[in-house]
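Just need the whole structure built from these sequences, with the hints factored in.
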Amino acid sequence: LGGLPLGRPPGAPGDGMPPPMGMGSMGPTRMNPDVRARLDQGAIQALGELESSEADAIAMRLEQAGMAVRNPSAYVHRAVNNARRRRRAR
Numbered sequence: 001l002g003g004l005p006l007g008r009p010p011g012a013p014g015d016g017m018p019p020p021m022g023m024g025s026m027g028p029t030r031m032n033p034d035v036r037a038r039l040d041q042g043a044i045q046a047l048g049e050l051e052s053s054e055a056d057a058i059a060m061r062l063e064q065a066g067m068a069v070r071n072p073s074a075y076v077h078r079a080v081n082n083a084r085r086r087r088r089a090r
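Residue numbers for the sequence shown, in this note's numbering: 1 to 90.
Hints in this document: simulated from the structure, not taken from any laboratory.
Any given hint might turn out to be false.
[What the hints assert, rightly or not] Here are the in silico distance ranges between beta carbons for each label pair:
id: 1; residue 1: D34; residue 2: R90; range: 31 to 39 Å
id: 2; residue 1: R90; residue 2: A37; range: 27 to 35 Å
id: 3; residue 1: G42; residue 2: R87; range: 14 to 22 Å
id: 4; residue 1: D40; residue 2: G66; range: 12 to 20 Å
id: 5; residue 1: P33; residue 2: A89; range: 31 to 39 Å
For every residue, glycine included, the Cβ atom is placed at its ideal position computed from N, Cα and C.
So this is what it looks like as structure tokens:
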């Protein structure tokens, strides 16, 4: 995504290393600082509750959409709810 790491220490989930057995990585692993600045705390928290691959995909789609998204926090909440719905349907 071209962003900065979200403050995970080396060896922590999301640092590029595979997670320990039985643990999935949660939340976005990288997010463009400009995108992050447009999100409220609730949207950031919602992303943190998803597996990293899902959170990263949402963050990347939001970054690609750019300023065309008028309410990025609402965009993230809707995308997170859709991801949860898809997961339950499996």
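Whether the CB-CB distance between D40 and G66 falls inside 12 to 20 Å: 18 Å, holds
Consistency of beta-carbon spacing, A37 to R90, with hint 27 to 35 Å: 34 Å, holds
R87 and G42 - C-beta distance against the hinted 14 to 22 Å: The hint (14 to 22 Å, Cβ to Cβ) holds, given that G42 and R87 are roughly 20 Å apart.
Beta-carbon spacing of D34 to R90 - inside the hinted bounds 31 to 39 Å or not: Check passed, 33 Å falls within 31 to 39 Å.
Verdict for P33, A89 (Cβ pair) under range 31 to 39 Å: With Cβ atoms ~34 Å apart, the hint holds.
Consistency note: the structure conflicts with none of the earlier hints.
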